[in-house]
Amino acid sequence: AQSVTQLGSHVSVSEGALVLLRCNYSSSVPPYLFWYVQYPNQGLQLLLKYTSAATLVKGINGFEAEFKKSETSFHLTKPSAHMSDAAEYFCAVSEGSSIQGAQKLVFGQGTRLTINP
Amino acid sequence: EAGVAQSPRYKIIEKRQSVAFWCNPISGHATLYWYQQILGQGPKLLIQFQNNGVVDDSQLPKDRFSAERLKGVDSTLKIQPAKLEDSAVYLCASSPLRDRGLFFGEGSRLTVL
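Same order as they appear, the protein sequences are chains A and B.
For what it's worth, the numbering used here labels the leading residue of the first sequence as 1, then goes sequentially.
For what it's worth, the numbering used here labels the leading residue of the second sequence as 1, then goes sequentially.
Careful, some of the hints might be misleading.
The following label-pair restraints were derived from C-beta to C-beta distances [claimed, not checked]:
#1 A/Pro30 - B/Leu97: 14 to 24 Å
#2 B/Pro61 - A/Tyr39: 27 to 37 Å
#3 B/Ser7 - A/Ser12: 27 to 37 Å
#4 B/Pro61 - A/Ser3: 14 to 24 Å
#5 B/Pro61 - A/Asn41: 40 to 50 Å
#6 B/Lys15 - A/Lys68: 45 to 55 Å
Using 20 Å as the maximum straight-line C-alpha spacing, the simulated EDC-like pairs for lysine to aspartate or glutamate come out as follows [as the list claims (entries may be wrong)]:
#7 A/Lys49 - A/Glu15
#8 B/Lys78 - B/Asp63
#9 A/Lys58 - A/Glu88
#10 B/Lys71 - B/Glu85
#11 B/Lys78 - B/Glu68
#12 B/Lys11 - B/Glu106
#13 B/Lys78 - B/Glu14
#14 A/Lys104 - B/Glu14
#15 B/Lys78 - B/Glu106
#16 A/Lys104 - B/Asp56
#17 B/Lys15 - B/Asp63
#18 B/Lys11 - B/Glu85
#19 B/Lys44 - A/Glu95
#20 A/Lys104 - B/Asp57
#21 B/Lys44 - A/Glu88
Keep in mind the hints are simulated off the structure, nothing from the lab.
Where is the CB? At the ideal position from N, CA and C, for every residue including glycine.
I would like the entire structure built from these sequences, with the hints used as guidance.
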């Protein structure tokens with residue numbers, strides 16, 4: 001079964017500093033990978049997704065992630081943190097085939113990002 | 001485009017009582033999911049529908065949880081009887097066929113006392 005591990009349940013950075021949230025996956029087939037963000041008392045919002053095209057994926061709000069097959073990683077980065085980036089971030093891997101449309105996402109435990117002024 | 005709608009947003013019940021959550025997916029989305037998110041954890045899939053058929057319910061505690069998706073549109077998730085450990089946010093998500101990525105509602109927060 002596919003799984004996701006997010007390294008670090010809490011990450012704290014200063015405003016303007018680099019944001020790096022780590023995600024490693026386990027999959028026996030080429031994976032599809034996602035990053036979601038969750039603000040307090042809200043649902044999950046898709047930041048970006050990797051679907052076997054370009055290995056460097058750009059998402060919303062200035063975030064990007066790079067798929068590295070050799071490292072089984074899909075780390076999320078942002079060059080300069082903003083106070084509004086404070087939230088919970090989830091990495092997820094897709095199981096199932098998109099041909100049948102029966103995709104299923106398996107989520108990591110999440111990383112809480114705190115931005116210090 | 002309207003997003004995934006869920007209700008109620010918040011519910012407080014006592015253990016052994018019953019509760020039901022409703023979800024209206026994005027129009028035209030064939031696949032609907034219910035996830036359970038316990039505080040401090042990532043979402044866990046409870047059940048997945050494609051149109052009005054169940055694709056995966058392997059992690060649904062069937063002795064107390066049930067879900068249906070009538071006519072392939074709206075869905076209802078029911079818990080009866082509730083236990084303390086059912087306190088969580090229940091997230092509904094939908095996805096169009098042959099796409100990757102789920103669209104989530106704001107969730108229904110359940111507190112069992």
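B/Lys44 and A/Glu88 were given as a pair; does the straight-line alpha-carbon distance stay at or below 20 Å?
At roughly 16 Å apart (the allowed maximum being 20 Å), A/Glu88 and B/Lys44 satisfy the hint.
Exercise for review: With a cut-off of 20 Å on the C-alpha distance, tell me whether B/Lys44 and A/Glu95 pass.
Suggested key: The hint holds at about 13 Å.
Against the 20 Å threshold, does the CA-CA distance of B/Lys78 and B/Glu106 hold or violate the hint? holds, 18 Å
So the hint says 40 to 50 Å: do the beta-carbon atoms of B/Pro61 and A/Asn41 match that?
The hint (40 to 50 Å, Cβ to Cβ) is violated, given that B/Pro61 and A/Asn41 are roughly 25 Å apart.
- Task: Could you grab the alpha-carbon distance between A/Lys104 and B/Glu14 and see if it respects the 20 Å cut-off?
- Result: violated, 32 Å
ask   = When you take the CB atoms of B/Pro61 and A/Ser3, is the distance between them in 14 to 24 Å?
value = holds, 21 Å
| Is the hinted range of 14 to 24 Å satisfied by the C-beta distance from A/Pro30 to B/Leu97? | holds, 20 Å
Note to self: Tell me if the straight-line CA distance from B/Lys71 to B/Glu85 falls inside 20 Å.
What the structure shows: violated, 31 Å
Distance restraint between A/Lys58 and A/Glu88, which requires alpha-carbon spacing of 20 Å or less
holds, 19 Å
(message) Need the status of pair B/Lys78, B/Glu68: alpha-carbon distance at most 20 Å?
(response) holds, 9 Å
Quiz item: Honestly, do B/Lys15 and A/Lys68 meet the 45 to 55 Å range at C-beta?
Solution: The hinted range 45 to 55 Å holds for B/Lys15 and A/Lys68, with Cβ atoms some 46 Å apart.
- request: Assess, step by step, whether the Cα of B/Lys78 is no farther than 20 Å from the Cα of B/Glu14, and give holds or violated.
  value: Roughly 15 Å between the alpha carbons, so the hint for B/Lys78 and B/Glu14 holds.
Violated hints, in rising order: 5, 7, 10 and 14; the structure is consistent with all others.
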